Amino acid sequence: MTDPIAAAARATPDPLARRIRGLSDRAIAWLFVAPTIFLLLAINIFPLIWTVRLSFTNYRANRPNEEVEWVGLRNYIRILTDDGIWANMQTTAHFLFWTLFFQVLIGFTLAWLINRKFKGNDLLTTLIVLPMMLSPAVVGNFWTFLYQPQIGLVNYVVELVTGTPASSFSMLGPGGLAKWSIILVDTWMWTPFVMLICLAGLRSIPDYIYEAAEIDRASKWRQFWTITIPMVLPFLMLAVLFRGIENFKMFDMVVLLTGGGPGNETLLASIDLKREAFEKWRTGYSSAYAIILFVTVFGLASIYVKALNKVKER
Amino acid sequence: MKARLLAACSAAALSVAGMASAQSSELTLCWAAWDPANALVELSKDFETQSGIKMNFEFVPWPNFADRMLNELNSGGQLCDLLIGDSQWIGGSAENGHYVKLNDFFDKEGISMDDFAPATVYAYSTWPKGDPNYYALPAMGDANGWFYRKDWFARPEIQAEFKEKYGRDLAEPKTQKELLEIAQFFQGREIDGQTVYGASIFTERGSEGITMGATGALYAWGFKYENTPGSYDMEGAVNSPAAVEALEFYKELYKTGTPPGYDNAYMEQSLDAFKSGQVAMAMNWFAFFPGLYADPNTGGDKIDFFVNPPQNQPASTLGGQGISVVSYTDNMDGALAYIKWFAQPDVQKKWWSMGGYSCHKAVLEDPNFVNTAPFAGDFLEAMGAVQDFWQEPAYASLLLAMQERLHNYVVADQGTAQEALDGLIADWTEVFEDEGKL
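Listed in order, the protein sequences are those of chains X and V. So the working numbering is basically just the index in the first sequence, starting at one, shifted up by 167. So the working numbering is basically just the index in the second sequence, starting at one, shifted up by 813.
No lab work stands behind these hints: they were computed from the structure. The model shown is predicted, which means the values in this text are computed figures rather than measured ones. Wrong hints could be hidden among the right ones.
[To be verified] Using 16 Å as the maximum straight-line C-alpha spacing, the simulated EDC-like pairs for lysine to aspartate or glutamate come out as follows:
(1) V:LYS1250 with X:GLU233
(2) X:LYS387 with X:ASP374
(3) X:LYS441 with V:ASP880
(4) V:LYS1163 with V:ASP1179
(5) V:LYS1115 with V:ASP1005
(6) V:LYS942 with V:ASP920
Hey, can you work out the whole structure from these sequences and the hints?
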């Protein structure tokens, strides 16, 4: 009779290391992850370090033959003391806050309404998520037409409802409406994304929790605040994180709608950064600008992720 | 085995040689995507027949043209062998080595810049400005001009009403202020049951639109970039009382004579407004005029053209481009052969006949030239008084600053004209300080 333990030991192949020229398991593990680490260093870390270096110089990418000077903190001081850039940051913050506010509010409400069984539920869900499937370029262009004062649907509806002549105001022009118009378009496009994440959260709540609450004679209102909201909150916070990061770097749609105008009314930091980097070719200066934006997003996102983890631990 | 290896290597070598040969028998010409570019494609077929070189074209829509092409040049890209680039790029492209200096080639081939209109040579070819260092051959003369609904202007009831209001006949404006009056006269008027407006003008924020439009007024009032050319002494020139008045005029024209929502309008929007019968007048580049005249709905006998009206002096904003050989080309001989072919008087005549705006004197000084198109005389007149934006290597920074200042004042209603121009001097001073020129 064969000893089963000895048989198992014999069946187990020699460690892979012995077969590949004496490499240890650890070395082989490194071999496997090395390409990924190399790519990460080449694509992410090296450009980041290079950008930091450039941010202390007067380098211009369109003048390769010009001598590059080390300017110390000059670029950072210029940016942080520039009223125009602070105005752009405020515009970005305004856009970020209101798009998140409306998308969370409407997205959650839609998810809550759609999270029940009724005829046509699937079709309605599909229709609601259509806007987020469109390209931002397409969205920017067709909303430009919708906002056109003479032939646009938006002005026509406003005239129909309020009696204000359609051609007497411009949604993308002067008068203070432009910054709200871009918020409306982004909300229209990305609310379905928030809705989908909230829907996933709502559907992950086990029915038995609500059944137990029913037995305890908890009202629907109480169930909503003590079961639904706390259990969906991590999902909601995740959606806010994704949308927040995306909207901080919003560029394409706003450029197509307003080009940053009228004046600088909708000039987001990302649009300004692109102009500095690839139209004015102030590479050193724009590198410092990019680092400041990166630190801002990274810092805010880190604080937020910590808060998200705390909510999940509850 | 050795034989197989040898065969494989030979095949590879032959295919590489074949590729190189194919490359040298092809040229890529880059330009903006617009009507004249299509005419150039047709014209270039003659070059293909004569030279055996296949022509490829890379046309980029105007809003992205500068971004796309300057990125290409700055990265040393080999997409374009020949580039018809904007006049403002010449300083940067010459100093950064993107364009080939053509003096020796011109001398060798007997191509004389004296054969081209002096204003176009100055604007499209030379760097530093006015020095006999040529980086391009004038290819497409252009300026900002105007066109209007001749059929509306001719209506007796409109004529009578205009005469009663302004005490003169309704006709092509002779001054900028007359232009404003005509725009205001048509603004909100009912014609054939449709509400129409005065004029579509350039107000675009993102690229160069509002600068190209407003300089039409600024130059006419006598705006100068510097007190002394080359001195970068801008105080009192850029913000002179005449310049302030011109900018206030442009804002008034925008506020009281343009269709609703024209707060970010450039070439396309101007054409659309005119072709859809919304406006009585419109500004745009002469390059579009052949297409406008041929338009079945608003062209022909319904349209006429006029040069940018003077105020204190005749002046038009310069458009147009020269054709340059890109330094990074792998077909230098082919590219130079194209320039040599394009510079011939016969080719230039055909270029004009196909819708391209030749700058060659053989075309422009032909006694019959003004009769060749309804806008030919206006084109000649405009090219005699063109002024261009800075052509400095830092032109993009200078242009973006002007775009911002003008749009803030004219469209977004921020501050006064004086503040806008004072601010512009501050912005430009900072740019020139960064450049080490101040």
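Here is what the structure says about each hint:
Simply put, LYS1250 of chain V and GLU233 of chain X have alpha-carbon atoms about 15 Å apart, close enough for the 16 Å limit, and the pair holds. Simply put, LYS387 of chain X and ASP374 of chain X have alpha-carbon atoms about 14 Å apart, close enough for the 16 Å limit, and the pair holds. Between LYS441 of chain X and ASP880 of chain V, the direct Cα distance comes to roughly 11 Å. Compliance with the 16 Å bound is thereby established for this hinted pair. With a C-alpha separation of about 13 Å, the suggested pair LYS1163 of chain V and ASP1179 of chain V falls inside the 16 Å cut-off, and the hint holds.
Taking the CA atoms of LYS1115 of chain V and ASP1005 of chain V, the gap is about 14 Å. The hint holds against a cut of 16 Å. For the proposed pair LYS942 of chain V and ASP920 of chain V, the alpha carbon gap of about 20 Å is over 16 Å, so the pair is violated.
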